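*Asks:* Residue-level listing of the chains:
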Amino acid sequence: MPSLRDTQTALAAALFGAAEAEAAGLLRGGALSPRRRLEIYRNNVLSTLRGALRDSYPVVHRLLGNAFFDHVATGFVQARPSLSGDLHEFGAEFADFLAAFPACADYPYLADVARLEWMCDRVFHAADHPRLETAALAAIPEEAYAELRFRLHPASGLLASPYPVLRIWQVNQEGYQGEPAVDLGEGGVNVLVTRRDFVLQLEGLADGEFQLLAHLGQGAPLGRAADAANHVEPEFDLGATLARHVLEGVIVGFDAAIPAESRSTR
Amino acid sequence: MAVPSRTEHLLPPRAGIGLRPRHYREMLATLPAVGWLEVHSENYFGAGGQPIHFLERLRAHYPLSLHGVGLSLGSSDPLSAAHLAKLRALIARFQPAVISEHLCWCSVGGRYLNDLLPLPYTEEALDHVVGRIQQVQEALGRRILVENVSSYLEYAHATIPEWEFLAETARRSGCGILLDVNNIHVNAVNHGFDPLRYLAAVPSDAVEEIHLAGFDADGPCLIDTHGKPVADAVWDLYRATLERLGSRPTLIEWDTDIPEMPVLLGEAEKADAILEERRALVA
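So the protein sequences, as listed, match chains A and B.
Mapped onto our numbering, the consecutive letters of the first sequence carry residue numbers 7 to 272.
Mapped onto our numbering, the consecutive letters of the second sequence carry residue numbers 0 to 282.
These are computed hints drawn from the structure, not numbers from a lab.
A hint or two may mislead.
[Said to hold, decoys possible] The following residues of chain A were derived to be distant from chain B, with all beta-carbon distances above 10 angstroms:
| hint | residue |
| --- | --- |
| 1 | 23 |
| 2 | 37 |
| 3 | 40 |
| 4 | 47 |
| 5 | 64 |
| 6 | 133 |
| 7 | 244 |
| 8 | 253 |
| 9 | 258 |
[Said to hold, decoys possible] Coverage of chain A stretches by chain B, computed from C-beta distances (three or more under 8 angstroms per stretch; other residues unrestricted):
| hint | segment |
| --- | --- |
| 10 | 9-18 |
| 11 | 217-225 |
On a predicted model such as this, the values are computed, not experimentally measured, just so you know.
Cβ coordinates follow ideal geometry from the N, Cα and C atoms, glycine included.
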């Protein structure tokens, strides 16, 4: 008698396309042949996983159309197995897969659209967080500002792309009314994704603002983040930018403690 | 370890409905008279945002059932510690009346099918799944319910009828049963057995919840799609089930092509009317 392990291994192999004979040999026939029975499960598995991708990547789905999206998604399902019983985790590497998928080579912006959509999905489900108490910030002496490490809202994300992915995302939203054409020649964009009343908010950021938030998000102290912003945008207004993102709840906390490595004897 | 005890029927013996994002606002605004709500556990594994917000608010008005689709109880892989940890955190946050999983496997070799595959009904699989349920109950510190799944295949080497496998699983692991009446009907048609024979083998005391749903047909095979109203044959089997078990909390499952609220509530009212008939008979 085949073991439970062998039975499950053979079934899984058959459902992902290979070695159907072994699994078919483990099944009863009856009104349907074993192969037909495997096909029912294969279709279920494929349509569930492709459906999860469609849910996470609605703009990519719209750009590719149903048939082509299904073709790409089928390739992805085969190449990058689902590794979790939580379907929301499936599809994290879809952007990388699209970037390397030969039939998508003519659409180089597609991978960044997918990265933006995955980021949107993460932001949608991320933790809630109260706004920053500005009184706490006012209590910090000005000379300590450069060493402050600000924290961004867990439900926020930043993406820089050499393609106009924000425009592409916007014109492909349900109910979008306006100029539908996107000029790929308009160049790149820095996108900030946040959430307000459970609705995703996407906005384009100037280079300095983007560098500031990106560095803060990586845990850099304010002084270093401001240098990075000034480097790409000499006119960068640090005070106004900080104030705006504190008020809008993108910056939600700060840490005034000096990290361990700076405290070492040097 | 503390022995998980029988849940004291914290769900009322009335109809409940599945909570879906498209109904969040309407549910909270109208608070319809359903007995309780059920959600798929994994849909609330996220840290915050809209799903958590609405579930927290609705939880204040309704008892809750957490129904898992991804723990892969019957897999020959080790249990996922990460998945269990998320489930445990969710239970701590929402204090559900019941927690259920499926009597099936969803993964092998680390790869997930994200589908509910039937086990081969053998002594080996029975031993295995009983041990796994005990592991889960210990990890969660409480009893779980396991649900009988629909299936489109049977294994040639199976030695135990499905109904005996389900009853033995509950008896040996101490878990409760979430009896899916639609799945009994679907499997009875697909595998050619008498659904009443299945029903007769179910240990009444173990059943703490019932599921009802709609199915589709694919040639001679019924497919459990959860995308339609409950079929007449399933309503009949539901009546027979209540006759044998008594009243039980009953969920209307609707997971695909989710309808407007009134349609869903209409199905729940039908179940409530049958539960009421049953109570009148007993009284």
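*Asks:* Next, verify each hint and record whether it holds.
*Replies:* Outcome of the hint check:
no., hint, verdict
1, 23, "holds (13 angstroms)"
2, 37, "violated (4 angstroms)"
3, 40, "violated (7 angstroms)"
4, 47, "violated (7 angstroms)"
5, 64, "holds (15 angstroms)"
6, 133, "violated (4 angstroms)"
7, 244, "holds (30 angstroms)"
8, 253, "holds (21 angstroms)"
9, 258, "holds (13 angstroms)"
10, 9-18, "holds (count 8)"
11, 217-225, "violated (count 0)"
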